[in-house]
Amino acid sequence: MISPSDDRTFPIIQDLLSWTSKRQQALGSNVANMDTPGYRAKDYSFESELSSTLALTTTSDKHISPMTENSNARVYELDNPEKPNGNTVDIDRELTEITKNGVQYLTLVQYLNQKIRTLRTAITDGGR
Amino acid sequence: MNLITAIDVNASGLTAQRKRVEVSSSNLANAQTTRTLQGGPYRRKDVVFETDSFDETLNIAMDDGISGVEVSQIVEDPRPFDRRYEPGHPDADAEGYVAYPNVNVMEEMANLVEGSRSYEANLAAISIVKTMINRTLELGR
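Just so you know, the sequences run in chain order A and B.
Numbering follows this note's numbering, with no gaps: position 123 of the first sequence is 123.
Numbering follows this note's numbering, with no gaps: position 105 of the second sequence is 105.
Chain A extracted, bound-state conformation (with noise of 0.2 Å):
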């Protein structure tokens, strides 16, 4: 038995999209101040909030929250070497990783779509 309300998917796959938009904005940020003397490259560490996601997940089936927005903590600068004034952008870096971000993204949605599919299969009766 279906029951889209009982379906893990979709709030795990929010919280992640929530959170590649949010690290897509750390990156633009980046980029934006390249040239910005002192400015020290940030990211977000995406990797290990999936992680914890899943973890969570494993615990109890009845113990899934949604990950709640409090993403300051998960800010960290990058140690790249410093440039003479100040600034630490390695602007190659940034342009793969916002590419491979976007990328990361596109594919959440993709995914959300065939289950919207798939779903809607079911509830037109195999599509009659």
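Note that these hints are calculated values from the structure, not bench results.
Here the structure is a predicted model, which is why all the values come from computation and not from measurement.
Any given hint might turn out to be false.
Stated by the list, open to error - Here are some of the chain A residues that sit facing chain B, going by a computed Cβ distance under 10 Å: (1) Ser18; (2) Ala32; (3) Thr36; (4) Thr99; (5) Asn101.
Claimed, not checked - Straight-line C-alpha distance at most 30 Å; calculated DSS-like pairs for lysine-lysine: (6) Lys83/A - Lys42/A; (7) Lys130/B - Lys100/A; (8) Lys19/B - Lys42/A; (9) Lys19/B - Lys45/B; (10) Lys115/A - Lys130/B.
Claimed, not checked - Pairwise CB distance ranges (calculated): (11) Asn104/B - Lys115/A: 33 to 43 Å; (12) Leu112/B - Ile13/A: 43 to 53 Å; (13) Ser25/B - Gln14/A: 38 to 48 Å; (14) Leu112/B - Ile123/A: 16 to 26 Å; (15) Pro78/B - Gln14/A: 32 to 42 Å; (16) Asp77/B - Gln110/A: 44 to 54 Å; (17) Lys100/A - Glu120/B: 46 to 56 Å; (18) Tyr76/A - Phe54/B: 15 to 25 Å; (19) Leu137/B - Asp79/A: 31 to 41 Å; (20) Asp79/A - Ala124/B: 21 to 31 Å; (21) Asn85/A - Phe54/B: 18 to 28 Å; (22) Pro81/A - Ala110/B: 14 to 24 Å; (23) Thr96/A - Leu137/B: 24 to 34 Å; (24) Lys83/A - His89/B: 35 to 45 Å.
C-beta: ideal position from N, C-alpha, C; glycine also.
We have chain A; now place chain B onto it with these hints.
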């Protein structure tokens, strides 16, 4: 919305880099200008980039770790003027020297290239975010 803010952040980069290129162009255009409204030769100008963690579109302070960039001020280059011996020039001083602007053309060219590359990087980031938003809008279709 998170992704809109991401666009705003990079848009601030576009604005700042454009300003920088404008100032650099003005330096190049006036590389030989010996008369200005303030009197004396043109003095080279430079932009100062500063992080800006305030989102003007949404009128809120942005989250920690997320900041745009702005040109906080345009400063004048204090380096001395270039003195050349040209006794026939109307702006020559008593010894026959003319003070030319302290603009180094090579330096400005490098600055222009760097500015336009930074502009492109911000543009690339915006276009990725735009794809993300568009795909989200098509969700469930």
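Item to check | Evaluation of the interface hint that places Asn101/A against chain B, nearest CB under 10 Å | outcome: With a closest approach of 8 Å, the Asn101/A hint holds.
Item to check | Distance restraint hint 14 to 24 Å, applied to the beta-carbon atoms of Pro81/A and Ala110/B | outcome: Holds, since Pro81/A and Ala110/B (Cβ atoms, about 21 Å apart) stay within the stated range.
Item to check | 46 to 56 Å as the expected CB spacing between Glu120/B and Lys100/A, which holds or is violated | outcome: Violated, at about 19 Å.
Checklist entry - Does the Cβ distance between Asn85/A and Phe54/B fall inside 18 to 28 Å? => result 23 Å, holds
Item to check | Distance restraint hint 24 to 34 Å, applied to the beta-carbon atoms of Thr96/A and Leu137/B | outcome: At roughly 26 Å between Cβ atoms, Leu137/B and Thr96/A fall inside 24 to 34 Å, so the hint holds.
Next on the checklist: Can you confirm whether the C-alpha distance between Lys83/A and Lys42/A stays at or below 30 Å?
Outcome noted: 15 Å, holds
Next on the checklist: Between the beta carbons of Pro78/B and Gln14/A, is the distance compatible with 32 to 42 Å?
Outcome noted: 54 Å, violated
Checklist entry - Hint check: is the beta carbon of Ala32/A less than 10 Å from a beta carbon of chain B? => result 3 Å, holds
Checklist entry - Does the Cβ distance between Leu137/B and Asp79/A fall inside 31 to 41 Å? => result 38 Å, holds
Next on the checklist: Can you confirm whether the C-alpha distance between Lys115/A and Lys130/B stays at or below 30 Å?
Outcome noted: Holds, at about 23 Å.
Next on the checklist: Does Thr99/A hold up as a contact with chain B if the rule is Cβ-Cβ below 10 Å?
Outcome noted: 6 Å, holds
Item to check | Agreement of hint Thr36/A with chain B interface, Cβ distance less than 10 Å | outcome: Holds, because the Cβ-Cβ distance from Thr36/A to chain B comes to roughly 4 Å (cut-off 10 Å).
Consistency with the previously given hints fails for numbers 11, 14, 15 and 17, ordered from lowest to highest.
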